[in-house]
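Trainee: Starting from the given sequences, assemble the full structure and let the hints guide the process.
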Amino acid sequence: MRDVAIVAFAQSNCQRDAGAQNEVELIMPVLTEVFKQTGIKSAQDVDFTCSGSCDYQQGAAFAFVAGVDALGAVPPIKESHVEMDAAWALYEAWLKIQMGTAESALLYGFGKSSPGELPIVLSQQLDPYYLAPLWVDTIAFAAMQARTMLDSGEITEADMAEVVARSRNNALKNPHAQLKGDQTVADLLKEATYVSPLRRHDCCPISDGACAMIICTIEKAEEWGKPYAIIKGIDHRIETHHIGSRDLSRSVSTEIAGKAAGVADGPVDVAELYAPFSHQEIILKKALGLGDDTVINPSGGVLAGNVMMASGLSRIGEVAMRIIRGEAKRGVAHATSGPCLQQNLITVLEAK
Amino acid sequence: MAQLAAVVGVGQTKYKTKRKDVSIAGMVREAAVNALEDAGLTWNDIDAVIIGKAPDMFEGVIMPELYLTDALGCNGKPMLRVHTAGSVGGSTAIVAATYVQSGVFKRILTVSFEKQSESNAMWALSNPQPFSPHLNAGAGGYFAPIIREYMRRSNAPYDAGIKVAVKDRLHGAKNPLAHLQLPEITMKEVEDSPMLWEPLRFLEACPSSDGACAMVIANEELAAKSPRKPAWIRGAAMRSEPTMYAGREQVNPRAGIDCAKDVYAQAGIHNPRKDLDCAEIYVPFSWYEPMWLENLGFADEGKGWELTMSGATSLTEGGDIPWNPSGGVLCSNPIGASGMIRFAEAAQQVRGEAGDHQVDGAKTALGHAYGGGAQFYSMWVVSSEKA
Chain A
1 MRDVAIVAFA
11 QSNCQRDAGA
21 QNEVELIMPV
31 LTEVFKQTGI
41 KSAQDVDFTC
51 SGSCDYQQGA
61 AFAFVAGVDA
71 LGAVPPIKES
81 HVEMDAAWAL
91 YEAWLKIQMG
101 TAESALLYGF
111 GKSSPGELPI
121 VLSQQLDPYY
131 LAPLWVDTIA
141 FAAMQARTML
151 DSGEITEADM
161 AEVVARSRNN
171 ALKNPHAQLK
181 GDQTVADLLK
191 EATYVSPLRR
201 HDCCPISDGA
211 CAMIICTIEK
221 AEEWGKPYAI
231 IKGIDHRIET
241 HHIGSRDLSR
251 SVSTEIAGKA
261 AGVADGPVDV
271 AELYAPFSHQ
281 EIILKKALGL
291 GDDTVINPSG
301 GVLAGNVMMA
311 SGLSRIGEVA
321 MRIIRGEAKR
331 GVAHATSGPC
341 LQQNLITVLE
351 AK
Chain U
1 MAQLAAVVGV
11 GQTKYKTKRK
21 DVSIAGMVRE
31 AAVNALEDAG
41 LTWNDIDAVI
51 IGKAPDMFEG
61 VIMPELYLTD
71 ALGCNGKPML
81 RVHTAGSVGG
91 STAIVAATYV
101 QSGVFKRILT
111 VSFEKQSESN
121 AMWALSNPQP
131 FSPHLNAGAG
141 GYFAPIIREY
151 MRRSNAPYDA
161 GIKVAVKDRL
171 HGAKNPLAHL
181 QLPEITMKEV
191 EDSPMLWEPL
201 RFLEACPSSD
211 GACAMVIANE
221 ELAAKSPRKP
231 AWIRGAAMRS
241 EPTMYAGREQ
251 VNPRAGIDCA
261 KDVYAQAGIH
271 NPRKDLDCAE
281 IYVPFSWYEP
291 MWLENLGFAD
301 EGKGWELTMS
311 GATSLTEGGD
321 IPWNPSGGVL
331 CSNPIGASGM
341 IRFAEAAQQV
351 RGEAGDHQVD
361 GAKTALGHAY
371 GGGAQFYSMW
381 VVSSEKA
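So the sequence lines, in the order shown, correspond to chains A and U. Note that full-length UniProt numbering gives residue 211 to position 211 of the first sequence, counting from 1, and the numbers run on in steps of one. Note that full-length UniProt numbering gives residue 309 to position 309 of the second sequence, counting from 1, and the numbers run on in steps of one.
A few of these clues could be false.
A partial selection of chain U residues facing chain A, derived with a Cβ cut-off under 10 Å [what the hints assert, rightly or not]: (1) Q3; (2) F58; (3) V88; (4) S91; (5) M244; (6) G247; (7) G371; (8) S378.
Okay, derived cross-link-like pairs now, DSS-like style, lysine-lysine, Cα gap no bigger than 30 Å in a straight line [unchecked claim]: (9) A:K259 - A:K190; (10) A:K190 - A:K285; (11) A:K41 - U:K303; (12) A:K286 - A:K226; (13) U:K106 - A:K259; (14) U:K106 - U:K188; (15) A:K180 - A:K329; (16) U:K106 - A:K232; (17) U:K188 - U:K303.
By construction, these hints were calculated from the structure, which means they are not laboratory data. Please read all numbers here as calculations on a predicted model, not as lab measurements. Just so you know, even glycine gets a beta-carbon here, dropped at the ideal spot from N, CA and C.
Mentor: Printed below as a string of structure tokens:
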């Protein structure tokens, strides 16, 4: 595998409701920012563009088509789209660079969840014959997962609150975060349960926004004369959809992806884990074999702001920017999709 | 450096209005199993699954690949879901090929499907979009004015579309998997069918189908061990442009022209009509055959209809460049799969596996798909020869 460089990353502020801003208006500022960071003018200056989004957030078929309006795709460009988090768009572009048909690529992800009720909307990504008719929402599934872990004694409610307290505290330093604050575990545990055993703060917020990234070959990054972080390994895996067939306290697909991406091949200074529910950070930390010397979710993670379809790519961007700023030498980023961490993508990043 | 890759297995379902006998998972698995059997392989031989379909609203299932992982033997493996509007079946095949051409994977399965009977595509396409004018026209209503403009510019005879509708249905009658089986169809029957969107009559439009298509793509080493002939991927290209912009050429879109030039350059095609033996082209409405003949360089601008009327694109009339020998989208249209069916049928032709609709001695073929407002394109050239 050849090394691939991340040279630019931008994300919008996570906001509960972007109001009348449409998708193009959410995407444009982050595109402008990554073009500026790279020193290029538009999508015409990269070899490939790929995005991630979900029609059901907007409530209309072909929601991504309007996104093309943000690109200035005249003359026509080489472009593709995944109905997945934009972290998988990065994967598609990474393959193109491995193949040698692209030297550089623009990735972006966007989501405007505010027009609908996201947890209920996402219940329709379940098996349409046996599960979706029950309208089990994402929070109910996560609550079942947390309950099995609490009942087995593997975690306590204080462990979950610790994740939240650290996330909100870290988010104080993140200008894009939606939820931040200085709360103790004891404060958090005083709050009422929402969907037992989850409290509201155990669940990620719902956010509107977008993010964008530019990747390229090492040669191209040198030619552009920009600092960069290197993608050393990347892998994604899925596991069974049937919750009853899974050990919910483990993420087997994360374990396989982590191994394939080479997480354990060196020390991990920093990790950004896409854990929409507090207990899932504990599952992911275990699945990746991360120790207490790894700083987890310094941005506050998705408990501080979760732009569906962009958050996974943002995790990768957060780690890359820390490496570029010299705050870390080696890091791991994780993206997820599906109920109870069904599908996962792991990226290992290093300084040059 | 790109690695060589080839299609070593193709599997399709029977296409029909309603597949009431299978679930979505059952239908997708049927195509996948057929592809594995064609390739002489089992689930364990597959390294990753790349899946594509058109908007999730066509079935009402968000990201259905999450639920389909079990049916596609993908647990513990990578799965990627592509969505690029109507071109998605073609784009998915190209992304799937990338998994192998990058050298990262040795052999992958790619699947695309649509079970239109689960929902209503016309409704799903006409849902009002926030901040956008509401057309409520479906695909036919969107493309009809563009076709009228083509007719005005080219002075094409009024029955060029009717000719395509008959030709593709006669082709489809040779393909047992085709949805519409109309071996007795006549020009008069098409002409007498109800006008839906002037100038498109009922029989000049594609049907609404359930169905799935799958392919196994392998690297050079594994393709050589394959029991049946491989179809070598000689070129693959995609292009996108916005739906609307000032001065956009909608009859002969630049994205299609550029995409064709790119894929021909990769495959060493100088004169598509001469250098290709047949083509499977996304023609959901009859008039798109003459329009795409021009867009793809088979005919000069304004002359595509002459090729159609001469019978050059007809297998049954012994034309020199048969288009859609399988019957094409006009016979079977499981939307998300329709592009991949074009790519897979092109592969079957060069593998010599196309059965009754085989073009004699076909060595090199073009697969084509388009989507959105004729703004997203994907194409590949496959050949019985490596280089």
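Trainee: Next step is simple, just say for each hint if it's right about the structure.
Mentor: Against the structure, the hints:
For the restraint placing U:Q3 at the interface with chain A, the shortest Cβ-Cβ distance is roughly 8 Å, inside the 10 Å limit, so the hint holds. At its closest, the beta carbon of U:F58 sits 8 Å from a beta carbon of chain A; the interface hint therefore holds under the 10 Å criterion. Because the closest C-beta pair between U:V88 and chain A is about 9 Å apart, less than 10 Å, the hint holds. Interface hint at U:S91: satisfied, since its Cβ lies 6 Å from the closest Cβ of chain A, which is below the 10 Å cut-off.
Evaluation of the U:M244 hint against chain A yields a held restraint, the C-beta minimum of about 8 Å falling below 10 Å. Restraint check, U:G247 versus chain A: the minimum CB separation of about 9 Å is within 10 Å; hint holds. Against a cut-off of 10 Å between C-beta atoms, the interface hint on U:G371 holds, since the closest Cβ of chain A lies about 9 Å away. A distance limit of 10 Å between C-beta atoms decides the matter here; for U:S378 the minimum to chain A is near 9 Å, and the interface restraint holds.
With a C-alpha separation of about 39 Å, the suggested pairing of A:K259 with A:K190 is violated against the 30 Å cut-off. At roughly 26 Å between alpha-carbon atoms, A:K190 and A:K285 fall within 30 Å of each other, so this suggested pair holds. Annotation: proposed proximity of A:K41 to U:K303 is violated, straight-line Cα distance about 39 Å (limit 30 Å). Between A:K286 and A:K226 the CA atoms are separated by roughly 35 Å; this puts the pair beyond 30 Å, and the hint is violated.
Taking the CA atoms of U:K106 and A:K259, the gap is about 19 Å. The hint holds against a cut of 30 Å. For the proposed pair U:K106 and U:K188, the alpha carbon gap of about 51 Å is over 30 Å, so the pair is violated. For the hint pairing A:K180 with A:K329, the CA-to-CA distance comes to about 27 Å; that is within 30 Å, so the pair holds. With a C-alpha separation of about 20 Å, the suggested pair U:K106 and A:K232 falls inside the 30 Å cut-off, and the hint holds.
The suggested pairing of U:K188 with U:K303 holds, with an alpha-carbon distance near 24 Å, which does not exceed 30 Å.
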